[in-house]
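Residues per chain, in single letters:
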Amino acid sequence: MIDVTFNPPPVDWECPNCPATDRTPWTTPNRFHDCPALGGLTAPMIKTGSGARLVVVGREDYVGREDVQTANGRPVMAIRVDRPDGSNDLVAYPPTAHGKAG
Amino acid sequence: MAWTDSRIFREWYSQINQVSGTGYTGLDSDTVKAALFNNTTTPDKDVAVGSTGFNTGVWVTANEVTGASEWVTTGRAISGKTFTTPSTGVFMFDASDLTGSATVTMANIYGALVYDDSITAGTVADQGVCFNYFGGATGVTSGTYSVLWNANGIFRLTT
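Going down the list, the sequences are from chains P and V.
Going by the working numbering, the letters in the first sequence line up with residues 1 to 102, in that order.
Going by the working numbering, the letters in the second sequence line up with residues 1 to 159, in that order.
Bear in mind the hints are in silico, worked out from the structure with no lab data behind them.
Every value quoted in this text rests on a predicted model; they were computed, and no experiment measured them.
Note that beta-carbon positions come from the ideal geometry of N, C-alpha and C, so glycine has one too.
Hints are supplied without guarantee of correctness; some may be wrong.
[Stated by the list, open to error] As a list, the in silico BS3-like pairs of lysine-lysine whose alpha-carbon atoms are at most 25 angstroms apart:
no., chain 1, residue 1, chain 2, residue 2
1, V, Lys45, V, Lys81
2, V, Lys81, P, Lys100
3, P, Lys100, V, Lys45
[As the list claims (entries may be wrong)] Here are a few chain P residues that face chain V, going by a calculated C-beta distance under 8 angstroms:
no., residue
4, Asn30
5, Gly39
6, Thr42
7, Ala78
8, Leu90
9, Tyr93
With the hints as constraints, model all of the structure from the sequences given.
Here you go:
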């Protein structure tokens, strides 16, 4: 008798805002893509059929001179992936720190 | 609100020109880390060098936000570091995004301290390079937490 181990099937991903889809091994914890619907922002994808939704969290503080990341021209702080069971993933988009010499 | 913006520490400019005895060999070869902090932290780009390091000044572990795994205390090491000059008079330091793979629960994360974990003496151990303000409170519940750096880099220096 030979023991055979079967891995779980691959994971299908989709973006709720654009047509992007992907398929990855079952061990992949997350997937990102440059979303045209968000102005090219690198955004997470959700597992197909998971019922999860993407929430774009706008910057909550004054932008001033901060070199922020944007989604369609609007300052974005994070994207949250909300799942039906109450859990979520979060992607933070820090601005670039600037300095001047001379 | 204690965080207001993202800056390079003034003392970092001094450090890169006076490295003797500090253990600093360059951001390319040193271990550089990013640690997460709450809003009790009040970042100051002009603070004395002894207060720019991880677990000094406002960057003490009491203000650090950690998870059960991956985002443990001292933060995560940055990889894929690049050093470019994207336009006239501009130097840019960038690195690979810190994508999350572990399930954690964390709250009240307002920004990150980027520091050199290879500096051990002379100035201050784990001397801070820069701090990046996310723009408000972020958190995660039983999920992954990722930090995606700006296409303009972790920091830019303009001459």
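Results for each hint:
1. Between Lys45/V and Lys81/V, the direct Cα distance comes to roughly 23 angstroms. Compliance with the 25 angstroms bound is thereby established for this hinted pair.
2. At roughly 21 angstroms between alpha-carbon atoms, Lys81/V and Lys100/P fall within 25 angstroms of each other, so this suggested pair holds.
3. Taken as a hint, the Lys100/P and Lys45/V pair is honoured in the structure, with Cα atoms around 12 angstroms apart against an allowance of 25 angstroms.
4. For Asn30/P, the suggested interface contact is upheld, since its CB lies about 6 angstroms from the closest CB of chain V, less than 8 angstroms.
5. Of the supplied interface hints, the one on Gly39/P is violated, with its beta-carbon coming no nearer than about 12 angstroms to a beta-carbon of chain V, more than 8 angstroms.
6. Annotation: Thr42/P was flagged as interfacial toward chain V, and the flag holds, the nearest CB pair being 6 angstroms apart, inside 8 angstroms.
7. Below 8 angstroms, beta-carbon pairs count as interface contacts, and Ala78/P has one with chain V at about 5 angstroms; its hint therefore holds.
8. At about 4 angstroms, the closest approach between the beta carbon of Leu90/P and any beta carbon in chain V falls short of 8 angstroms, and the interface hint on this residue holds.
9. Of the supplied interface hints, the one on Tyr93/P holds, with its beta-carbon coming within about 6 angstroms of a beta-carbon of chain V, less than 8 angstroms.
Hint 5 from the earlier list is the only one contradicted by this structure; the remaining hints agree with it.
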